[in-house]
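We have chain A already, so just place chain B on it with the hints.
There are 2 protein chains.
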Amino acid sequence: MNAVRAIALGALLAVGLTAGAQTDPLPSWNDGAAKKAIVEFVQATTTQGSPKFVPPPERIATFDQDGTLWVEHPMYSQVMYILESVPGLLKAKPELAKVAPFSTVLEILKGDRAAIAKLTMPDLEKLAAATLTGMPVGTFQAEAKKWLAEAKDPRWKKPYTELTYLPMQEVLKYLRANGYKTYIVTGGGQDFVRQYSEKVYGIPPEQVVGTAGSTKYGYAKDGKPFLTKEPKLMLNDNNAGKPEGIHLMIGRRPYAAFGNSTGDKEMLEYTKAGDGARLSMLVLHDDAKREYAYGPAQGLPATKVGAFTQALYDQAKKQGWIVISMKDDWKKIFAFE
Amino acid sequence: MNAVRAIALGALLAVGLTAGAQTDPLPSWNDGAAKKAIVEFVQATTTQGSPKFVPPPERIATFDQDGTLWVEHPMYSQVMYILESVPGLLKAKPELAKVAPFSTVLEILKGDRAAIAKLTMPDLEKLAAATLTGMPVGTFQAEAKKWLAEAKDPRWKKPYTELTYLPMQEVLKYLRANGYKTYIVTGGGQDFVRQYSEKVYGIPPEQVVGTAGSTKYGYAKDGKPFLTKEPKLMLNDNNAGKPEGIHLMIGRRPYAAFGNSTGDKEMLEYTKAGDGARLSMLVLHDDAKREYAYGPAQGLPATKVGAFTQALYDQAKKQGWIVISMKDDWKKIFAFE
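Line order of the protein sequences matches chains A and B.
For the first sequence, the residue numbers in the working numbering are 1 to 337.
For the second sequence, the residue numbers in the working numbering are 1 to 337.
So that you can see chain A by itself, here it is in the shape it has in the complex:
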């Protein structure tokens, strides 16, 4: 860069900064307590001289994924990946096709969606072990990427990766523009989410904390080393596992955390318990028309997928966390609308 170009850049910067100050960083949010809380938090923690100023290296914000950054109903996308990987698995092991839970999955995929309810937790664990482990890391990554490029959500007929919430994408960008490092802290599989987090959210793999199994280092016949995904759980990144995973993988307490269900409770508590300005927020799915409505908080229908209980709602009110109403706070839900 020569001096003339650098000066031109300087001038552009100045113009950009002025323009930036006049632009709404959260255009998909309606004015209200939620939007106000986010903007005030960012201003308080990033304005030099503010009593709540946070030095840039300490600016950490964590986001649950399913139901917080993208759609989780009627079923978590990764569970759909597990189910839709079964036919490929059965090609290699046809003897399993008549054995439950693999036979149940074939019924589901033939169109009997109600059969999903037959799957127990041990069934899901068996299916997860069979489809997510036992292969080299590189093989899993390629298979997950292929599925993500091809699979579609049945309601919107779009790739799952397009079903992210535009208002939350704006929060991610707004925080990053203000020096925050944004992390995903998900109950979903770390290796799965890392395959699209950078492209979909601008969050690099090293900033994804998720449920993680161990890997095993070994050598191929040609002597090349590789890692194999093992069916051994290292971190169950749900509930208390979220702050424990944050300590393991980040080593600092977040200043802001976003979730939407009881699995996020401990992460929000841990965040809010820190000194200074801390922001804990929960997305409430109360928009049956534009997305889904479930709780059971506030009389919304109960669910097993991403439950937001009344106890969680009451704790939020008591401890100063902010509940985001999808219906009232979000002008737009998806970028494609």
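Source of the hints: derived by calculation from the structure; they are not laboratory data.
Don't be surprised by glycine CBs; every beta carbon is placed ideally from N, CA and C.
Just to be clear, a hint being listed does not mean it is correct.
Here chain A is said to cover these stretches of chain B; the calculated rule only asks that three of the stretch's residues, wherever they fall, bring their Cβ under 8 Å from a Cβ of chain A [to be verified]: (1) 198-210; (2) 215-225; (3) 235-245; (4) 250-260; (5) 264-270.
Just chain B, lined up with the frame of chain A:
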């Protein structure tokens, strides 16, 4: 920032960039194969249009700590922390003072350094569990910080944190100036190293991968949540544990990796086995006068602390890793020289 100040900044930037291009990024290195390999690697991977160009988000470099970034002889600093924490522990539990291995540690601290050899691996594990676990994370952090500020290396009479290798500090800065994210990947305790990594190496806590125990989320009497350090190993970040830990915590294969002992072998193999330009380097401690000399590679004295075997040396030569001779490649070892 107004336009005039932005333009002034632009001009300063231009001057800075011009000056930077003429400065040797590795002034403490003698000219030779090692320095050449580092500079060529950086140029090949960061020059637009180079066939070996690496996009900035993928620029990951990993560094072992003990013996690679700072002195590890006669004993790892964290082992000294464990030993020197025993008297404090015995104040709370005086009944342990007459029981081995605690009684052995008291002999060592009274000046009988030879007694260190009496400590077995199970002894060290017992001492580590007693001094590194069972307390709230915040308590451990405060104790480790206090020790690091007060403890001194017996030979140089300086804090351990000043015994970092200036040539390696230059490599860290040079890589970062070229868009690399630098990580520590250490057999040492993750929570311990994170207490000084930012100040000492410019490496933030979230970029420290180390041996890690689990933590347990709980609540104090006033309801405030906190994490307790548990005596349960999650990641033994040595040998195969290094590439496994890199996959867990970073999720990308490094482009450059630096080590100094057999515990780094798998990390260097894994790094070098990637596509494109990959740099694997080993520090050989062959300078008894300015630091220490140990191998047993190349006829150097054998050691149990950071052994560099002849087999590792031969593998390095065969697989194109570069061995750094402390004696020949480093003009200066410490900043305080």
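Consistency of the hints with the structure:
A stretch counts as covered by a chain when three or more of its residues have a beta carbon under 8 Å from one of that chain; for the region 198-210 of chain B and chain A the count is 5, and the coverage holds. Given a C-beta distance limit of less than 8 Å, the hint that chain A covers the region 215-225 of chain B holds, as 5 residues qualify and 3 suffice. Residues of the region 235-245 of chain B with a Cβ under 8 Å from some Cβ of chain A number 4, which satisfies the need for three, so the listed coverage holds. Against chain A, the region 250-260 of chain B contributes 3 residues with a C-beta closer than 8 Å to a partner C-beta. That satisfies the three-residue criterion, and the hint holds.
Interface restraint, the region 264-270 of chain B with chain A: holds (3 residues with C-beta to C-beta distance below 8 Å; minimum three).
In summary, this structure violates none of the numbered hints.
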